[in-house]
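J.: Sequence:
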Amino acid sequence: MEDHVLRQEKIDWKTLQWLQIRGKKGETTGLKELYKTEATKLVASLKKYGWVDPFKVWIDEEGTKWILDGHHREAILREMEIQGGDIPKLLAADIIDCKDKKEAAKFAILYTSRYAKPTGQGLYEHLEHFDIEFEDMSDAMNTVDIDMDAFRVEFYDPSYEPNYSPAETNKDITEMEIEKKARELAEKYISERGGIDAICPKCGHEFVFSDKRVG
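Just so you know, we're using my numbering here: the sequence shown kicks off at 1 and counts up by one.
I should point out that these hints are in silico values taken from the structure, not numbers from a laboratory. There may be inaccurate statements among the hints.
Claimed, not checked - Capping the alpha-carbon separation at 30 Å, the derived lysine-lysine pairs in DSSO-like fashion look like this:
id, residue 1, residue 2
1, Lys-10, Lys-65
2, Lys-10, Lys-99
3, Lys-10, Lys-41
4, Lys-102, Lys-47
5, Lys-99, Lys-36
6, Lys-36, Lys-89
7, Lys-106, Lys-41
8, Lys-65, Lys-41
9, Lys-65, Lys-102
10, Lys-106, Lys-14
11, Lys-65, Lys-99
12, Lys-101, Lys-10
13, Lys-14, Lys-47
14, Lys-101, Lys-14
15, Lys-65, Lys-47
16, Lys-106, Lys-89
17, Lys-101, Lys-89
18, Lys-99, Lys-47
19, Lys-41, Lys-99
20, Lys-101, Lys-48
All values derive from a computational prediction rather than experimental measurement.
Input sequences plus hints: build the corresponding full structure.
T.: Have a look at this one:
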């Protein structure tokens with residue numbers, strides 16, 4: 001196993017460059033998406049606890065500092081400063097060893113966030129932009145909060161048939177629960193009236209009771 005964390009140091013966070021792809025207007029549209037509610041939580045956390053989770057940064061041969069993890073925090077820090085927040089010039093960052101920009105892009109996929117959520121389209125564009133083969137990262141991307149079977153079908157292989165479909169399983173469980181509830185309600189209804197033989201039209205369960213009727 002190779003240790004890619006070279007060191008931790010204080011860096012001028014305003015000099016950091018985004019490794020994720022930005023939208024045409026510079027908005028946060030990349031590998032991960034930050035929703036308004038999560039952004040609010042992130043701001044509250046930074047105000048209450050301060051800077052406790054270092055940036056993950058790769059420094060290329062020219063000395064450019066690229067963010068591997070912390071893109072959205074960097075954007076939030078800029079917004080907080082515009083709003084009058086007292087943000088330190090230097091913040092802690094873990095310096096990560098990468099052989100080139102493509103490897104750095106792969107490492108960016110490995111980092112997950114408590115606030116920002118990965119998107120299928122964003123992940124696909126990230127892989128294509130850095131010419132990363134899906135198969136090279138498919139195992140590692142299982143940690144990403146995306147249905148990778150659905151992702152493979154939508155963006156790479158429409159003919160792919162996953163061995164396990166969470167959606168189908170959830171549907172089966174839901175139908176089983178509905179059938180169970182229907183059986184319980186039917187049994188209660190019939191038992192209160194007595195003398196009724198019935199078959200559930202959905203599951204075929206037979207209900208047989210005495211001839212005694214409740215008046």
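J.: Determine for every hint whether it applies to the structure shown.
T.: Checked hints:
At roughly 12 Å between alpha-carbon atoms, Lys-10 and Lys-65 fall within 30 Å of each other, so this suggested pair holds. Between Lys-10 and Lys-99, the direct Cα distance comes to roughly 22 Å. Compliance with the 30 Å bound is thereby established for this hinted pair. For the given pair, Lys-10 sits about 25 Å from Lys-41 by alpha-carbon distance, which is consistent with the 30 Å threshold. For the suggested pair Lys-102 and Lys-47, the alpha carbons sit about 34 Å apart, so the restraint of at most 30 Å is broken.
A distance of roughly 35 Å separates the Cα atoms of Lys-99 and Lys-36; the hinted pair therefore is violated under the 30 Å criterion. Proximity of Lys-36 to Lys-89 is assessed by CA-CA distance (about 26 Å); at most 30 Å being required, the pair is judged to hold. As the CA atoms of Lys-106 and Lys-41 are separated by approximately 27 Å, the hinted pair is consistent with the 30 Å bound. For the proposed pair Lys-65 and Lys-41, the alpha carbon gap of about 27 Å is at most 30 Å, so the pair holds.
Taking the CA atoms of Lys-65 and Lys-102, the gap is about 15 Å. The hint holds against a cut of 30 Å. At most 30 Å may separate the alpha-carbon atoms for a hinted pair to count; Lys-106 and Lys-14 meet this at roughly 23 Å. With a CA separation close to 14 Å, the supplied pair Lys-65 and Lys-99 stays within the 30 Å bound. Restraint check for Lys-101 and Lys-10: satisfied, since their Cα atoms lie roughly 22 Å apart, inside the 30 Å limit.
Among the hinted pairs, Lys-14 with Lys-47 is consistent with the structure: their alpha-carbon atoms are about 19 Å apart, no more than 30 Å. At most 30 Å may separate the alpha-carbon atoms for a hinted pair to count; Lys-101 and Lys-14 meet this at roughly 20 Å. Using a Cα cut-off of 30 Å, the hinted pair Lys-65 and Lys-47 holds, with the two alpha carbons roughly 25 Å apart. At roughly 29 Å between alpha-carbon atoms, Lys-106 and Lys-89 fall within 30 Å of each other, so this suggested pair holds.
Using a Cα cut-off of 30 Å, the hinted pair Lys-101 and Lys-89 holds, with the two alpha carbons roughly 26 Å apart. Between Lys-99 and Lys-47 the alpha-carbon distance is near 36 Å, which puts this suggested pair outside the 30 Å criterion. This hinted pair does not check out: Lys-41 and Lys-99 have alpha carbons roughly 35 Å apart, beyond 30 Å. For the proposed pair Lys-101 and Lys-48, the alpha carbon gap of about 35 Å is over 30 Å, so the pair is violated.
Comparing the model with each numbered hint stated earlier shows that hints 4, 5, 18, 19 and 20 do not hold.
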